[in-house]
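Please model the entire structure based on the sequences and the hints provided.
Quick note on our numbering: the sequence shown kicks off at 1 and runs consecutively.
Please keep in mind that the hints were generated in silico from the structure rather than gathered at the bench.
Using N, Cα and C, we set each Cβ at its ideal position, and we do this for glycine too.
Each hint should be verified, as a subset may be incorrect.
[Stated by the list, open to error] Cut-off 16 angstroms, straight-line C-alpha distance, at most; resulting in silico cross-link-like pairs (EDC-like, lysine to aspartate or glutamate):
no., residue 1, residue 2
1, Lys34, Asp56
2, Lys34, Asp57
3, Lys34, Asp87
4, Lys34, Glu69
5, Lys32, Asp57
6, Lys32, Asp56
7, Lys32, Glu69
[Unchecked claim] Derived Cβ-Cβ restraints for the label pairs, each shown as a range:
no., residue 1, residue 2, range
8, Arg66, Lys136, 36 to 42 angstroms
9, Gln156, Ser178, 31 to 37 angstroms
10, Gln155, Glu125, 40 to 46 angstroms
11, Phe6, Ser97, 29 to 35 angstroms
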Amino acid sequence: MDAHTFSRYSIQVSGAVQRVGYGHIVQNSARKLKITGYIENLEGYDLHIIAEGRVDDLDAFIQAIRIVEYPIDVEEICTVEEEYKGDYSYFAVIRGSPEDELAERFDTAIAIFSRMEKKQDISLEKHDTSISLQEKTIGLQRETIGLQKDTISLQQETLTEVKGMRSDLDDHLNKEISEMRMELKEIRTALIQYGIMNAVKS
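Here it is as structure tokens:
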């Protein structure tokens, strides 16, 4: 069938779908997808939906109302395609007696607050997780800084030791050179005394 062809679906939804705010969500999805028809409670726990619109919009509507998010739990959706009639100009929520409607609105409000509370709890858990990750990151940064300080300290100690070794080596070489000069001077003096070497004026 052409996706742009109009059709009519008779839908039965099973699960935890009554008095949990599900009807309003279905109505909102129908409005967005330009689906007309109605939704009503069946005896027991199920819901019945008549939906008319373009085939591709109806298929998208079926996917949109397949909700599993507390307190809503859609367990099964049974769909029967029927001949398009164009009987509806909008999508309605058919309610029972005024007492039933009041009770349903009250339950719907509780369901909405329950969803909000759960989402808030999830948000707080994510926030706590984020804080924990930040604390771990700060801890790693501190450890890294500590390692950098240790490395710098080791470099400074190594540099100090190298400077000390160089100073000791310079002193040792200077001492040896001085001693060698003294020995050469003594040898030169002795050679002059024995006439082996003539004195040279410097």
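Violating hint indices (sorted, rising): The structure breaks hints 4, 7; every other hint is satisfied.
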